[in-house]
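Line by line, the protein sequences give chains A and B.
The working numbering puts the first residue of the first sequence at 1, with every later residue one more than the last.
The working numbering puts the first residue of the second sequence at 116, with every later residue one more than the last.
Wrong hints could be hidden among the right ones.
What the hints assert, rightly or not - Straight-line alpha carbon distances no greater than 25 Å define the calculated SDA-like cross-link-like pairs of lysine to any residue that follow:
1. A:K96 / A:L113
2. A:K96 / B:G228
3. A:K52 / A:P114
4. A:K52 / A:E84
5. A:K96 / B:G248
6. A:K81 / A:M11
7. A:K52 / A:Q16
8. A:K52 / B:E222
9. A:K81 / B:A219
10. A:K96 / B:R239
11. A:K96 / B:D216
12. A:K96 / B:G227
13. A:K96 / B:G180
14. A:K96 / B:S152
15. A:K96 / B:C258
It is worth saying that the hints were derived from the structure and are not from the lab.
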Amino acid sequence: MLTNKKAEIPMIQLTQETRSGWCVVGVRGRADAEAADELEGALRAALELHPKVAADLAALDYISSAGLRAVIQAARAAQAKNIEFAVCSLSAPVQKVFDMSGMHHIMRIHGELPC
Amino acid sequence: MWHNQAILTETEFVLHGRLGELVRLAAETARFCREHSLGDEVEFDLNLVLEELFTNSVNHGGCAGMENAVQVRLQLLNNAVQAEFADRGRPFDPLTAPEPDLQAGLEERSVGGLGVHLVRQIMRDLEYRRAGGWNRLTMRRPC
Numbered sequence: 001m002l003t004n005k006k007a008e009i010p011m012i013q014l015t016q017e018t019r020s021g022w023c024v025v026g027v028r029g030r031a032d033a034e035a036a037d038e039l040e041g042a043l044r045a046a047l048e049l050h051p052k053v054a055a056d057l058a059a060l061d062y063i064s065s066a067g068l069r070a071v072i073q074a075a076r077a078a079q080a081k082n083i084e085f086a087v088c089s090l091s092a093p094v095q096k097v098f099d100m101s102g103m104h105h106i107m108r109i110h111g112e113l114p115c
Numbered sequence: 116m117w118h119n120q121a122i123l124t125e126t127e128f129v130l131h132g133r134l135g136e137l138v139r140l141a142a143e144t145a146r147f148c149r150e151h152s153l154g155d156e157v158e159f160d161l162n163l164v165l166e167e168l169f170t171n172s173v174n175h176g177g178c179a180g181m182e183n184a185v186q187v188r189l190q191l192l193n194n195a196v197q198a199e200f201a202d203r204g205r206p207f208d209p210l211t212a213p214e215p216d217l218q219a220g221l222e223e224r225s226v227g228g229l230g231v232h233l234v235r236q237i238m239r240d241l242e243y244r245r246a247g248g249w250n251r252l253t254m255r256r257p258c
């Protein structure tokens, strides 16, 4: 029974592809405290190699403050390197956590991908 | 009669002091919500609140590596989920933690304190007590 539940609650899955000059990092599943380092690492890796990076959060079902912290650290790294960093396509529950945390004060949240 | 029904609606689980337990925390929360026909929004909120408290206990409260470090009780009572989060870490009252400055810019924004802030945003009637070596936080989420 527990095995079934694990299957229903996927860990984080990260993909990367390049489209129209943007590196799109696709984030799927759950950005919890256990997955936060992996998320931050994937975003930072993209920022190392590309001048424009978009985080596509459309398939992200869950985020906690640890996941938000990963996004904030990536945004800081982008600002330090003068790289365009777009956080895009939040699901309703993830949007709620962003709102409660005042994320719109520190970064622009895009309704859709820029590419 | 009512008292008996209330007891039947209760779930309790124990977690060890390591972040790998977040999978079980999410699964137990999902099971409680499914058994009581509570919607996705309630499940999301409970999962988020319990994760924030749990990761604080493990990362900052001295529960890292501790067996049976945390005990969670969930109960459906009077159209609300009554939750109790207890840990055997250092005495810590999250209700006395300073609120983070949400207006601060990207550079100045502190990344600490956000978890407790989310707990206080989502839950109602939070009460803390320290008893018998346990921190106990009770709270409710109307549903």
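To see whether the hints hold, each was checked on the structure:
no., hint, in the structure
1, A:K96 / A:L113, "holds (19 Å)"
2, A:K96 / B:G228, "holds (18 Å)"
3, A:K52 / A:P114, "holds (10 Å)"
4, A:K52 / A:E84, "holds (5 Å)"
5, A:K96 / B:G248, "violated (35 Å)"
6, A:K81 / A:M11, "violated (30 Å)"
7, A:K52 / A:Q16, "holds (13 Å)"
8, A:K52 / B:E222, "holds (20 Å)"
9, A:K81 / B:A219, "holds (21 Å)"
10, A:K96 / B:R239, "holds (17 Å)"
11, A:K96 / B:D216, "holds (18 Å)"
12, A:K96 / B:G227, "holds (19 Å)"
13, A:K96 / B:G180, "violated (32 Å)"
14, A:K96 / B:S152, "holds (22 Å)"
15, A:K96 / B:C258, "holds (17 Å)"
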